Every structure is written in structure tokens, then in C-alpha cells.
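Asks: Sequence:
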Amino acid sequence: MIIPVINIDRKKCTSPLDCAVCLRQCPQAVFKAKPAKVYKFRETPENEYIITAPYWPACTGCRECVQRCPTGAITIEYREIPEGKEEGNNG
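Heads up: the sequence shown runs through residues 1 to 91, numbered per our numbering.
Calculated directly from the structure, the hints in this document are not laboratory data. Since the structure is predicted, the reported quantities are computational estimates derived from the model, not experimental observations. Watch out, some of these pointers could steer you wrong.
Claimed, not checked - Think about it this way: if two alpha-carbon atoms lie no more than 30 Å apart in a straight line, the pair counts; the simulated DSS-like pairs of lysine-lysine are:
hint: 1; residue 1: Lys11; residue 2: Lys34
hint: 2; residue 1: Lys12; residue 2: Lys40
hint: 3; residue 1: Lys37; residue 2: Lys12
hint: 4; residue 1: Lys11; residue 2: Lys37
hint: 5; residue 1: Lys32; residue 2: Lys12
hint: 6; residue 1: Lys11; residue 2: Lys32
hint: 7; residue 1: Lys12; residue 2: Lys34
hint: 8; residue 1: Lys40; residue 2: Lys11
Construct the entire structure; sequences and hints are all you get.
Replies: Here it is as C-alpha cells:
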């Protein structure tokens, strides 16, 4: 089985809430914006959010996110894994 592995370069993706192109363009809704750090009794500043791909198993490998990301922060690699084995992802 070949699976897509989504990589997000956090040095390039610096304002995910302002941009959110991947969140809007992914037809499978693979991406999620979440706080990099959760603070007690206060909101997380917008500049401390990150994009993750927690729903990566739904990725079809269409590469819409890669083509539309304005900073080039998203890449997809394709890996072959034996049937019955699961592999983690950066989500």
C-alpha cells in the first residue's frame, strides 16, 4: 500500500490563521489549526497557532495543498508500507 505523508515546515508556515489556504482548499479536510501551546486562563495569541494534519489517513494525495500554499510550507512524500502495518504522521 502507498500512503501520502504530509510534511509541514513550521518555519515557512508562520501565520496559519491569517492564511488558512490549506484549511480551505483541502477537499478531504485533512488539516487543522491548533495552538502550539495552551495557556491557563488566557487565549493563545494568533501568532502561536500551527497547522497540523491529524486527519492524514483521509488524504488522497491530490496535492492541492502543495500547489496552493503561498509559502511552500507543505510537501507530500509517498511511502510504501506493507499491508496491515500503520505508520504515524506529523499531525
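Asks: For every hint, state whether the structure bears it out.
Replies: Verification of the hints:
1. Lys11 to Lys34: Measuring from Cα to Cα gives roughly 16 Å; hence the hint holds.
2. Lys12 to Lys40: Distance ~28 Å between Lys12 and Lys40 Cα, so the pair holds.
3. Lys37 to Lys12: Status holds; Cα separation ~18 Å.
4. Lys11 to Lys37: Holds. Lys11 to Lys37 sits at ~16 Å (cutoff 30 Å).
5. Lys32 to Lys12: At roughly 17 Å apart (the allowed maximum being 30 Å), Lys12 and Lys32 satisfy the hint.
6. Lys11 to Lys32: The hint holds at about 17 Å.
7. Lys12 to Lys34: holds (16 Å)
8. Lys40 to Lys11: The given pair, whose Cα atoms are some 26 Å apart, holds under the 30 Å limit.
Checked against the numbered hints given earlier, the structure satisfies every one of them.
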